[in-house]
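*Asks:* What follows is each chain in one-letter form.
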Amino acid sequence: MAEMDTSSGGGHKKGPGVKKSKKLSTRVDLTPMVDLGFLLITFFIFTTTMSQPTAMKLYLPKDADKPEDQNKAKQSGVITILLGKDDNVFYYEGILDNTASNFKSSTFKEIRSVLLDKKSRTPEKDLVVVLKPSEECTYKNVVDILDEMTINVLKRYALVDITKDETQLVKLSETANAAAPVK
Amino acid sequence: MGRAKLPRKSTNIDMTAMCDVAFLLLSFFILTTKFKPAEAIAVTTPNSVAAKIAESKDVVLITIDKDGKVFLSMDDESKKEVIANTLNTTRNLNLNVQAFKKAGFFGAPFSGLSAFLSIPEEARKGNSLTGIPSLDSTHNEIKEWMALVLSAYAGQKVNVQLKGDNASKYPAFKSVIDAFKKNDILKFQMITNPESVPTGTDLWKLGMKGEKRSD
Numbered sequence: 001m002a003e004m005d006t007s008s009g010g011g012h013k014k015g016p017g018v019k020k021s022k023k024l025s026t027r028v029d030l031t032p033m034v035d036l037g038f039l040l041i042t043f044f045i046f047t048t049t050m051s052q053p054t055a056m057k058l059y060l061p062k063d064a065d066k067p068e069d070q071n072k073a074k075q076s077g078v079i080t081i082l083l084g085k086d087d088n089v090f091y092y093e094g095i096l097d098n099t100a101s102n103f104k105s106s107t108f109k110e111i112r113s114v115l116l117d118k119k120s121r122t123p124e125k126d127l128v129v130v131l132k133p134s135e136e137c138t139y140k141n142v143v144d145i146l147d148e149m150t151i152n153v154l155k156r157y158a159l160v161d162i163t164k165d166e167t168q169l170v171k172l173s174e175t176a177n178a179a180a181p182v183k
Numbered sequence: 001m002g003r004a005k006l007p008r009k010s011t012n013i014d015m016t017a018m019c020d021v022a023f024l025l026l027s028f029f030i031l032t033t034k035f036k037p038a039e040a041i042a043v044t045t046p047n048s049v050a051a052k053i054a055e056s057k058d059v060v061l062i063t064i065d066k067d068g069k070v071f072l073s074m075d076d077e078s079k080k081e082v083i084a085n086t087l088n089t090t091r092n093l094n095l096n097v098q099a100f101k102k103a104g105f106f107g108a109p110f111s112g113l114s115a116f117l118s119i120p121e122e123a124r125k126g127n128s129l130t131g132i133p134s135l136d137s138t139h140n141e142i143k144e145w146m147a148l149v150l151s152a153y154a155g156q157k158v159n160v161q162l163k164g165d166n167a168s169k170y171p172a173f174k175s176v177i178d179a180f181k182k183n184d185i186l187k188f189q190m191i192t193n194p195e196s197v198p199t200g201t202d203l204w205k206l207g208m209k210g211e212k213r214s215d
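The listed protein sequences derive, respectively, from chains A and B. Using this note's numbering, the letters of the first sequence map in sequence onto residues 1 to 183. Using this note's numbering, the letters of the second sequence map in sequence onto residues 1 to 215.
Source of the hints: derived by calculation from the structure; they are not laboratory data. Fair warning: there could be bad hints in the mix.
To be verified - A few chain B residues facing chain A, derived, Cβ under 7 Å:
{"id": "1", "residue": "31"}
{"id": "2", "residue": "33"}
{"id": "3", "residue": "35"}
{"id": "4", "residue": "48"}
{"id": "5", "residue": "50"}
{"id": "6", "residue": "87"}
{"id": "7", "residue": "168"}
{"id": "8", "residue": "186"}
{"id": "9", "residue": "190"}
{"id": "10", "residue": "192"}
{"id": "11", "residue": "201"}
Idealized CB from N, CA, C, for every residue including glycine.
Isolated chain B (complex conformation) (with noise of 0.2 Å):
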């Protein structure tokens, strides 16, 4: 017998494939990735613990921004369309119905709502708007707004919810919470970024227990 002769293989492997699925993982992401559009009203939320998710079913959003100027926001068209028709019976403010649905956010005094609508969508930025009135506890009219809403819910459950900027001032705040007690609201939610509980203290120690928060 001779020499054994080991055959010798090529060590060279062929990385063609591993490209390819970078490639297609690459694509992906690009193609998948929505970018937050820039939000009309620009608001930094504080940070908090709480656990719970925001709802984002049948809410209404009550927006404050840096300067203490109150926007508000609805998700269900068919109830702005009853909020629309209520304004136009009772205020006679001739608004358009079809504006009113669709607008993102309201931010202007009844007087001035017909303007607002008027501004095209695009255009409509917290910058440039004057918000709704809060701060005359005789012209808070975050109360009437609320007013409407109940009503155009009827009874049924809604989300009330509260963004408020880190900056803001708290009579902003203040008028917003008033108005919600002159119409029976006890209960809401303030949108928060998550943060983690920090380690050693009670909430801590109740999760290493591993019971329930209370909130």
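Isolated chain A (complex conformation) (with noise of 0.2 Å):
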């Protein structure tokens, strides 16, 4: 290890009635400092950000005056996505029943093997994912299902108003579903 020799040169001469002083060793070991050293340039080196913010793209439908210019979807490839509030996702596949017979409750880890399962089963020119927030949900919650579509390589979706029918079966759907816990 470096060593830095302070030890007094020479020996003194020996003077009458002086004690013989005893050489000691002043030889420093100076392992723990390049110990610290290395400590705080790992620290720097973790601590330096590099990462940049990456970007998702979105693109907007025109918003489609007049219902003949709206795409016609086959009502068997598409599949409705409906966020809620806390983290809440329905979906239905088709168009709502009158009764909400095909309305299910899912989460967001559950979400992607329910689109996957449509996926393998719908031919992929019909597969359309519909995706309507509610007003209570959040903007993590609409950035999540927008990178699943990413995620599952699903090209066709769309990000579209809920009805108020909808907003009241979600409405009551969180109600149940907070009353009763899914497991």
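Fit the two chains together into the complex; they arrive one by one in their own frames, and the hints show the way.
*Replies:* Right under this line is the structure:
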């Protein structure tokens, strides 16, 4: 290890009446100092931020004023995902029944398997995902569901306004979910 | 011949040089570390698997904080000057054009814009400002801001970016999107933190095969 030699040079002449001075070693071990040095370097290396924020592209459809202009989606290929508050996710396939029997609830973790299942059953040209966020859901929910579109390579999806009936249904299901927590 | 006397060499390595290098490296990092300035508007962006790095030129950034307040920032000072002059002539706001150009972001309704500009830069924090009003569909000022921005850019390419907080509610986001649609801005980017693609998913399989992503 690096050593500092600070021992006094030469011996004193032994004068009369002076006790013989013991020459003690004055070597300083600098190992801990270098350890500290490396710790500090490592700290600064790790806290240097170099990641840049990434950007997710979103394309909006032009508001179609005439119904004929809206893309006709085959009912069998459509799955609609509704986002409620507290990270609740609901979905249904095709058109909502009068009795809402096909209105199902899910979570962000499970929605991926639901989407993959739908994707495997539907021919690619018919598959459309309709995303309807409600007023209570957060920005994070919307970004997460758009991310799921990218992760599952679903090319056709649309961000659409939620209807009044669906808002009602979502509110009812949320209270039902809260009362009887799904395991 | 006598016994071969192997010269005994000292095995002490002098570590002074290594210590010097260590301190040089440390000094380098201490002097070149720049702490990120605390942002005036605190926003936690969500994570996403998007891989494109956000653009940094010709950017118009709309920020939505956790309470749903909307702020707008632009990086091109000449375009800001154009907008300030337009506002002064059309709305008679009597804005300080220099302060407008230097402002990092805007977070007040048109009527309160002069007051906003008179607050010193360090004191403009997202918590104390009201943001640009957007929630009323009849009174969506973001629509007017975007129209001003587009006319200032006069056909040149402008990158519209949206940076929303995780906790902000959907109505704020929707009002910004509506403002975009009314101005025919159909393509924009959302700022997110990068995250890796989950293994086993379709996107991951695309990456393994070496195909390019379509986003």
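*Asks:* Hint by hint, work out which the structure violates, then give me just those numbers in ascending order.
*Replies:* Numbers 1, 3 and 6, in rising order.
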